[in-house]
Amino acid sequence: MNKKVKNILKTLAFPVLVFGIMDLLVRLKTGHGIISSMIDVQSIIRNAGISTILALALAFNLTSGRLDLSLGAQRLAGTIIGGSICQMLGLSGVWLLVFALAFGFLFGFLTGLAFVITRVPPMVLGVGMGLIWEVIPFAFTGGKGLNLYGMQGNAILNNTYFIIIGMVVIAIFCALLMNNTRFGYELKAIQGNQLIAQNSGINIFKNAVICYTFAGGLVCIGGMFTAAYETQLLAGLGLASNGVVTSNMFPMMLGAFIGLWSNDAIGTIVAALTIQIFQYGLTQLEFSTPNTNAINQGLFVLFLVFLANKEIFKIKAREKARIAEAREKKARMAEEKAKLAAESAN
Amino acid sequence: MTEKKKVSSLKRFFESRLFNQLLPIAFLILLCIVFGILTDGRFTSLNSLKIILDQSLIVGTVAIGGAFIFATSNTALSMGATSLLSATVACIVYNATGSPVLMIVTAFGMGILLMVFSAVLSTLLNVRVLFVTVIMMALFAAVQQSLLGGGTVAVPFALVNDLTNSGVHYILFGAVFVVSIILFNFTEIGRSLKMIGTNRVCADMTGISYKKFLTIAFILGGIACGAGAIIAVIRAGSISTTSLASLNMDVMLALVLGGMSIFGGSKSFVYAGVVGSLTVVALNQGLLMIGVDASYIQAIRGIIFLILVVTSQKRPKGLPAPEG
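Protein chains in written order, with our numbering: chain A, 19 to 364; chain B, 858 to 1181.
Don't read these hints as lab results, they were simulated from the structure.
Virtual Cβ for every residue (Gly too), placed ideally from N, Cα, C.
Misleading hints may appear alongside valid ones.
Cβ-Cβ distance ranges computed for the label pairs, FRET-style [said to hold, decoys possible]: (1) A:E346 <-> B:E1045: 37 to 45 angstroms; (2) A:E337 <-> B:K1174: 47 to 55 angstroms; (3) A:E329 <-> B:F1043: 37 to 45 angstroms.
Computed cross-link-like contacts, DSSO-like style, restricted to lysine-lysine with a CA-CA straight-line distance of at most 27 angstroms [as the list claims (entries may be wrong)]: (4) B:K1069 <-> A:K332; (5) B:K1068 <-> A:K334; (6) B:K1069 <-> A:K334; (7) B:K1068 <-> A:K328; (8) A:K338 <-> B:K1068; (9) B:K1068 <-> A:K332; (10) B:K1171 <-> A:K224.
Extracted from the complex, chain B is given alone in its bound form:
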């Protein structure tokens, strides 16, 4: 009897919210320790850790916004394309006006506008979010290619240097992170989004408007895309048609690796994207440092991704819900 109780409490712990939150962090720490040992401390040097942080900034920032949409049990596949188009227009605006403030405002404005456009299609025009994000992924990429015509848009090195030295990318990331933590954990917005993800019918019956809060989630996602776009410009100094190519999928990968519930709801947490993006970059960096062939790293990432998803989620009795 006691043995049975022990097993059931262990099972409850593995299915708990706490385990979901702890597993990815524990995995990240374990990764750092293992790679630190295997590389004789080179991996855990200050310089190496700074590189990991810098490389995970874009995915981490955009994924923070993605968490709001994921929480509603929807998937946003077009956030990479939104960031790319926002960054492109922001660069064009800077080159036309020479104003960094206008560039930043444009990036945020475009991010919000594009995500609101996606939200309107789902909320007002009743198109499924899944289809909207898949189409927007292709549409925004095509519009960006049309704008650039196969070329590149660059901002002056002096501007990139100034923004980098003043730590604008860290400030943007920090601001998005802190505001999102507050909104997600301490306001009606976060509670409502999680409630919608847990049970949409129940949320509706308690007066939580799905359409209103989905739009809010998309707006917050748009703000994160805008911030991600600025960080991308600061890091690269230019945007081409191949920039941020894998960001759409990386955001999803980071969120799930970071422990975000794939079904949204109460097991969602906003810093999952940050933990996930740090894990992806740390894994890449560590495997490269110990001499694993670059082409195999992606497969290892895929295997670890699936193992983490399977171990951290409760296996449904039937097949997963038909919404993808």
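The shape of chain A in the complex, shown without the other chains:
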């Protein structure tokens, strides 16, 4: 079979298999499948789309070992401030996305700038910046956050086709950025070895700022889609904002794994879709939200254990073969030595 076809089949196997298993379980329990109306399809696609965008945002920094704990706060700040200014200007619809993106870029850029200036570890910096960013939308809106209820012209943000197009455009953009640009090439070099990359002339600081900027922009697009669907996005304090972003680590990591047969962007879309189908199935099986979250996180742990140990059996087998070969050689040498001794004695 053609390698390309094989890769496509392997990639698609994840959502198809999960859909098959969950559909069967739901049918056994309720008598109908996971999908009983268009609302189910829309719900899965919307959630998968938002999850993909957040996972792609996380990937910009996490693949270089940087966990930005202020990403959730940037999402709140960019979405709420961008959306509020849009409302003040009497704009709606796609403009909400444009403003959220612009402010997301701004907060991401400032966080990246703070990172390269202070050079504080990303997680520690993320806590500090998160504390600051959360306050800005809170103070800007008097603690109310962004309210889109009753606002005309926002229907497009809830349109399933628009979300699909948005998700695909972002995924293509990310794929091109990572695989066909100098920035992506340099990012891969930095992921390999930062010191070697720096010594070979790559500006690691500029690259990090760009990563933070793109991540900030993407989380705010995800934030605006969520706000449009839920008609609001509350401003919160206490660093609770990072939960939304860190919960998308699973699709990001699974996406990187599935991406081995295509690329990271396609892998992330497929991973987000797979996880959404699984979660939707659990909801249909009447699992509560905390139970669904617990199962999801449990699976994530198992997946990480698999990733960390998938080579262990191969390594052990190689080691076993090496020891067997050494023993065999030793025995052969001993035999030859004995033969030589016998010959010299004769």
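Given chain A, put chain B in place with the hints provided.
For chain B alone, coordinates are given in the frame of chain A:
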């Protein structure tokens, strides 16, 4: 030449372990003096200081345990969730048995069990500590919500009153603090953990087992989480899904504000969490007393946090290590 020598010795002092230890304490004292003056002595009254101490007990206790993990150059983000789940199970056990002793034993047992579970994932199953703690943060919170089903678990007021009057929360905090100081500064455990944080390869070559000592650090962290859980129950009398919501981040904030080296190693010290948690609470209390809007306090905390981190740590030439 002499001028150059003076500058270099000053630079050495700013990068020294002593400066790291003194800066947060000096900052805390300065904070108390400034707020004392600005509030006409109300801030430094005995009652106000007792409130600050009481409010910092939970974060301080848990952060003491966190210092052991931080010392190995790892970060424990799930200690808040561990404390929360331990407190919830301890309350459930008390309501089922009516035994305060069993409640306390359960809290410690759960704390240790949950942290050992995290340690096993990192040490035996090779998952990065960073990922383990992020996942455990969400997993333990989800399990706690499943147990409570959105409700609250409370212990009788009489029990809370008895435990408060007998000063159990102070005893627990004091015990965790003293034992940790001894373990961290005067035993092989503390020395090994700091050595691992300073240079893991070197530690390995000198026969210090990373896996063994990381597990010990997590166990000690679990004991602190158990103590923190009991103090939380004593202070609130009940546990809900929103209890200890910010504890995960507060522990990290307190440790760094208290002067703990963000890279672990020899510049780590176990009382950083206590100094840090006192600073956070004192800052909140002081700013509120002088009339700063509550929503701005968090941003001020963030700015001070970053200033302290930047001034107390040596700036690396490249970007910080890829482990977060």
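Structure-based check of all given hints:
no., hint, verdict
1, A:E346 <-> B:E1045: 37 to 45 angstroms, "44 angstroms, holds"
2, A:E337 <-> B:K1174: 47 to 55 angstroms, "38 angstroms, violated"
3, A:E329 <-> B:F1043: 37 to 45 angstroms, "41 angstroms, holds"
4, B:K1069 <-> A:K332, "26 angstroms, holds"
5, B:K1068 <-> A:K334, "20 angstroms, holds"
6, B:K1069 <-> A:K334, "22 angstroms, holds"
7, B:K1068 <-> A:K328, "20 angstroms, holds"
8, A:K338 <-> B:K1068, "24 angstroms, holds"
9, B:K1068 <-> A:K332, "23 angstroms, holds"
10, B:K1171 <-> A:K224, "21 angstroms, holds"
Hint 2 alone, counting from the list given before, is not met by this structure.
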